[in-house]
Amino acid sequence: MSTFTTPTGFQMDNSGKRVVVDPVTRIEGHMRCEVNVDDDNIIRNAVSTGTMWRGLEVILKGRDPRDAWAFVQRICGVCTGTHALTSVRCVEDALGIQIPENANSIRNIMQLTLQVHDHLVHFYHLHALDWVNPVNALKADPKATSELQQMVAPNHPKSSPGYFRDIQNRLKKFVESGQLGPFKNGYWTNPAYLLPPEADLMAVTHYLEALDFQKEIMKIRTIFGGKDPHPNWMVGGVPCAINMNDDMAAGAPLNMVTLNQISSIIDQTRDFVKNVYIPDILAVGQFYKGWLYGGGLSGINVLAYGDIPDRANDYSPGNLMMPHGAIINGNLKEVHPVDLRNPDEIQEFVPHSWYQYPDEARGLHPWDGITEPKYELGPNTKGTRTNIQEIDEGAKYSWIKAPRWNGHAMEVGPLARYVVGYANGHEYITEQINFVLKTLDVPVSALFSTLGRTAARALEADWAGDQMRYFMDKLMANIKAGDISTANTDNWNPATWPQSVKGVGFSEAPRGALGHWIQIKDTKIDNYQCIVPTTWNGSPRDSQGGIGAFEASLMNTKVERKEEPVEILRTLHSFDPCLACSTHVMGEDGKELATVKVR
Amino acid sequence: MIETFYDVMRRQGISRRSFVKFCSLTASALGLGPAVVPQIVHAMETKPRIPVLWLHGLECTCCSESFIRSAHPLAKDVVLSMISLDYDDTLMAAAGHQAEAIIEETIEKYDGNYILAVEGNPPLNEDGMFCIIGGKPFTEQLLHAAEHCKAIISWGSCASWGCVQAARPNPTQATPIHKVPGIPAKPIIKVPGCPPIAEVMTAVITYMLTFEQIPALDRQGRPKMFYSQRVHDKCYRRPHFDAGQFVESFDDEGARRGYCLYKMGCKGPTTYNACSTIRWNGGLSFPIQAGHPCIGCSEDGFWDKGSFYQHTTDTHQFGVEANADKVGLAAAGIVGGAIAAHAAVSALKSARKQGGDNQ
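Protein sequences, first through last, are from chains A and B.
Each number in our numbering comes from the position in the first sequence (counting from 1) with 115 added on.
Each number in our numbering comes from the position in the second sequence (counting from 1) with 4 added on.
Note that these hints are calculated values from the structure, not bench results.
Remember, it's a predicted structure, so these values are computed and weren't measured experimentally.
Treat each hint with caution, since some may be false.
Okay, the calculated bits of chain A under chain B, using three or more residues with CB under 8 Å as the criterion [as the list claims (entries may be wrong)]:
#1 143-150
#2 170-182
#3 320-329
#4 334-341
#5 491-504
#6 549-556
#7 602-609
Calculated from the model, a selection of chain B residues having no Cβ within reach of chain A, i.e. all distances over 12 Å [as the list claims (entries may be wrong)]:
#8 L84
#9 E151
#10 I187
#11 G248
#12 P291
#13 P297
Think of the CB as a built atom: it goes at the ideal place given N, C-alpha and C, for glycine as much as any other residue.
This is chain B alone, in the form it adopts within the complex (with noise of 0.2 Å):
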């Protein structure tokens, strides 16, 4: 599916003789005379690289942003070698009419074999022209091109979610992309987050091309290898959260130390990303590391669920350990087996008991 696997060979050195020879080899192994090797020469010469439609509705082009901030692979390696990136209003050089007959194009000679990336969402209010493409409303183009597309990709929170302008009162009725009234029935894979970490979006994306499928979905349809942990499960701070240590307030001891934020708001406990695993920007830092409690950005409505400053519960220091383990088990509910670490030794197990931890 990428580049073709000819071009890839003869980028990395290998010449057009071994390259036949391959292929030879290739027959053999499955079986075939040799009569068939000028056919896998040919396929493999011409296999066109995935054609991607990445649209773009209410949203503010963070995630195009952090696309392009992959470390591993660059993005200019994913939009020349592995995808044809044929449509994406932030990069493409056409504009107008000449833009928008892209889509038609794409649609007449890849029908069903694209793949549509959506970033942001259509507004439904006001005839949806709160978001105007071409003239017409933006759900006309998403519902046009998801038709016909092979699957879809929901980037970042506000196609996954809604996020920040389906916030109460959300007076737009900005809608994600899986609760478009006349959405096809088409795979659809959530990669939330405000916006996704880089490399996660061209992790699900090389995935996709690498093993020509769709990356195993958790129940809300995000990929398992990096939504089915919480961001507190692996947290360097952990360790601080169990032996009770906390930052009480910004910049005292316990910031300059490097203790835990849960008192200061942290929505790790209840957020699913893999910002305390892979990180950002290349593996370098994430938000509570660098001193500030995470805001929860890759969950369902989480601009409505109070201030971020306010902690998830009101009960002091030691009762902390047990409310936080609930959390967990309720969270642990939607995807399981994650609790393991959790559930794992602790200063405080007097106080796990009572919070029923039976995991």
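Okay, chain A solo, but in the shape it has when bound (with noise of 0.2 Å):
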């Protein structure tokens, strides 16, 4: 058994119950969760373990910087195109590359497409279950569902009751097959649901709209990237060229024809963002707002590095329309500026990561990472090497590095560029932060919360939406004005590169602060870093007993039934933790790696 204090304050006791979640599923990834309880449910240890590894960095070492973004983009096809963004930026960054308006609003839209559908499904496709139960479902009253979606969102049009009765029969069949897919085994008689039935058939009901819907959304992607997941980037701008009234328009990327699709596609999804999902979670908000465990890191430290540039690379605070800054010890009346260049404010450390440096004591910045994987487990694990039962957190327990901003475990995402957001005044956040604590009836402080994590998702994919008919109309303007330029090719020769340089790319992913970086040296990646929201969120603990947001979050949450995780589950997700992301970091030298034996 063993107590200690956080020097974020919580009282950490490991005495209780040990419950163990593996697989924690619906996240992209593969992630294992273990907690104490104690005699009254309430949660006192929280143990969160990254438990894949795939080393992509290593893989880089000694490629085309110009392909760098094509690699990273498959650490994750979830938030597809958010690594991809940021390689581009840390290659034009170390380069000096300076891309066209054009470029910067094209990738804008691209950015911002992603928030809304990454938003989107996350909210209907893998957290939702956690909110909403498909069963009670069952007992809605259709016309009763009807009034309740006209009510909410008067501006939907599928809202009679025939076609909810028509979705509940579905249901029913669905359910009365004894087959029951994805909902089987759910936890459909833990009192932790809230809804009442009618609810419950609106939110089913949409989240088969939204999965209808959401593939729309991707199709912008498509036309300017050519498919999705992972549509295609380039250095120095994108690589779709426009062409409005000159020969062989039709042929081109963008013309007339593609430019319209997008410009209406962008429409239909602020519409569905606004009268669907931003309804329904004030919805559930309503039911839920009694419920206001998980706030964990999100009143006390958060970071956010901001993204989407107004004007072309200028990557500076106050260029960048999402929000920029740190604040620590829950002090929201200072924002710190963060410096990703500056060698002491991010470093990552390993005394409880899979991972050995020579002295464990120290952090280390990205630019001079060292990474050799050591998978070992601590003497008070139970089960074996490739069996483990219950895991040791008092020794190296996860494939996850744990960075630190100063030295301080932060959380990151949208709840976070939320409160950095109020925090700094945004005009258009705290309208929006306002707007819900007002309908909902409750104090700023409920912003600090599972439930609030969701919400903040949300108004974010409203707000992405909005800025994507921003970016559309500052496009046509431009073009209109007579800019058509969508590259810059001046260095694209690797002869035209300097022996050696560094850069640093960021960005604001669906799930958080985003950084890479690099160093080229004779115009191959002579070291490639990358440190993502999940790596800050999921991070385990660092040598003071700092823990992270996921194991924060979790702490003092009452649990309805020990043996059924909803309320962990409900609260990880509310993260939407990317665990490909977070655990594929891989040091300087690849060389160690060779030594791993080969079986």
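Build the complex: two chains, separate frames, hints provided.
Rendered as structure tokens:
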């Protein structure tokens, strides 16, 4: 048994019953979570383990920096494109390449499209089943559901009693078939589900509507990038040339037809978010506003790099439309600037990660990062090396490293961005937050919760939809002004590059702050490092006893039934964990890996 | 094999009376007496949707993301009406041991009769602990589920070839499904691509359900219907290749006119996939149409074949056709037949002769 207090004030106690959740499902990638629950069913210790590792950065060593975006894009197919964007920014930073205004607008539209898509799919298809009980929806009165729908979203066309009756019948038939598919073995009798049957039916209906609709959103990226998931990008701009009024415009990537298609999808997307997603969040919020667990680090330490440059090539906070800054110790009155180049600010530690450093008391800035995998379990592990029953968090216990900002564990993501934006007086964000707090009749402190995280994501999708329109209009205005340039190829030829350079690129991925660091030597990648959102949120402990955002968020939560992890899933999902992102991280010296024994 | 036939017919507005009549007609068509009608009725009413276990190894989930973008059929209809997606850690409600129990239950109930879909691949280094599921190596879950399945679908380039984590130096020894030591001798359908096209994924499933057989495969185990032709063969920019009109630099005049991207490194001439025919996201576009060269993401080892922007030969414009044909001939040896389209009229017939075209 061990007890201690973390630097952020959490009292950890692992004496209660140990509950293991592995795999944590409805996330990207693989993770495990263990908690200790006391006699009153309160979580008193939480341990989150990243359970996969791919080693992408060592694979990048020696490759052409212009190819890097394609490799790192495969870090994640859910937040597809965000790594590619960050990568081309990082190479452009290293080589001093300026991109055209049109390329900036197109990249922003692609990134904002991802924000909306990712948030929407996350809420309906990965997260909703933590709040919504599809089996309970069978008890709903379709007429009452129709009234509820018309009340919460009068502009949504699909709201007749017959429509809901059809969906309910289809659901009924599905359940009666005895083959429950993805709903099998769910926790449908758990009292943690609080929605009335009509709200459940409405939400299940939107689960299906959103599944149909989400594919439309990504068509924007198929036009700009050729396919989705994993559209195409390029260093120096975007590959989709514009031809409005010259010979063979019909065969060009961007012409009047394809731009019209994009414009139309933007409108549909904004409608869907405003008429379906936002009302659903408010409805869920109304019934769950008494369940305000899960705040974790969100009211203490949050971090955002900022993104969506209004004008091309200016990555200073004043030109970024998404919030930038760090808040520590819950002091919302002071937002600190963040410098990704400063070797003392962002560092990664490994005392509890399956890697080794020569001196594990020290952290390393990504430009100087070392990674050498070292899989070993602590002495208090229950089970064996290849059959872990209970993990020993006193030792190394995760494939995720522990990044720290000035020594602090930080939460990143939509809620972190919204807290920073709120603290900074970001007009749009402040208005949105005040609207939600007023509608739900809850105090500002309610923001720092699982529900707050889920709501911030929806609000951000709404914001992102509006900015898609802004950049589409900006793109058209710029074309009208006579500028059809989409790429700067002055430095395309590696012969023009300096012998040795380094650069950094950053973005706000749907899940939070994302940074890539590169060193280029003799036209090849010498070192490539990523610190991704889930590395921050899913971070294991550090040598000061600091815990990451996942672990902090589970602390002191009451669970209804120890054997059914509804509350654990609900809170972990509110971060939208992406484990393939977090655990690929690989150090500068690939040679050491070659000694890994091959079986 | 789909949602029971009765359900499908009911969904299409056919009454129970007509359904029974249909069963009687079926019985007489099969030369069976009226006594067997109830049996047919029963079979059609109760035939279950085929269970699918969709496992995830080392991957990025782009295959699942692609799958849900399918326009025809909608992913919703595949999941609700065609298959029974009993295990898919990306979508399933259950977690932890409740999730793992489903695999055992499916094996017990449908031994030899479920489809195993695999996204990603297992790492063999570090005793497999670079990818842990339920405290154990993913390899164990994979082999266990494979042992009892009817057939395996290897989704995407990870499961089919290894993909990005298997690119040099493959630090985890990520291994494609058909090469995993101990993998049982089950039919394996490879659906490569990073990711595969959504409609290709759902078409593979619906083909199997509708015709109750696995699609015809080429020698590499890919469905011939989608992988027997190169992207180059039906590319809408192909006439510019034949005419010697190339993009020389991104955003140049040729790029704005939709000229051929061969010189920008396009791997269309060596890539077997349906991108230029089926296209992406409901037939909307494909990489070349959006101005970027094909990177060959459905080919084995595509990460390790040099830069994506380095074209396949250094030969200047007029030699291009001959060399591309050589590439085509070598590749055509694998599949055969597909070369006919490629040997069609070209502006550079004399060059072709040097390439040894006699197909």
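Against the structure, the hints:
Coverage of the stretch 143-150 of chain A by chain B holds [criterion: at least 3 residues with CB-CB distance below 8 Å; count 4]. Proximity of the stretch 170-182 of chain A to chain B, defined as three or more residues with a beta carbon under 8 Å from a beta carbon of that chain, is established by the 8 residues found. Residues of the stretch 320-329 of chain A with a Cβ under 8 Å from some Cβ of chain B number 4, which satisfies the need for three, so the listed coverage holds. Against chain B, the stretch 334-341 of chain A contributes 6 residues with a C-beta closer than 8 Å to a partner C-beta. That satisfies the three-residue criterion, and the hint holds.
Here the stretch 491-504 of chain A counts 6 residues with a CB under 8 Å from a CB of chain B, which clears the bar of 3, and the coverage holds. Look at the stretch 549-556 of chain A against chain B: 0 of its residues bring a Cβ nearer than 8 Å to a Cβ of that chain, fewer than three, so the hint is violated. Only residues whose beta carbon comes within less than 8 Å of a beta carbon in chain B count, and the stretch 602-609 of chain A has 3; three or more means the coverage holds. Not every CB of chain A is more than 12 Å from the CB of L84 of chain B (nearest about 6 Å), against its label as outside the interface.
Listed as a non-interface residue, E151 of chain B keeps its Cβ farther than 12 Å from every Cβ of chain A; the least gap is roughly 18 Å. Residue-level check passed: I187 of chain B sits 15 Å from the nearest beta carbon of chain A, beyond 12 Å. For G248 of chain B, the shortest C-beta to C-beta distance to chain A comes to about 16 Å, beyond the 12 Å cut-off, and the non-interface label holds. Here P291 of chain B does not stay apart from chain A, with its beta-carbon only about 3 Å from theirs, under the 12 Å limit.
The claim that P297 of chain B lies off the interface is violated: its Cβ sits roughly 8 Å from the closest Cβ of chain A, which falls inside the 12 Å cut-off.
Of the numbered hints listed earlier, those contradicted by the structure are 6, 8, 12 and 13.
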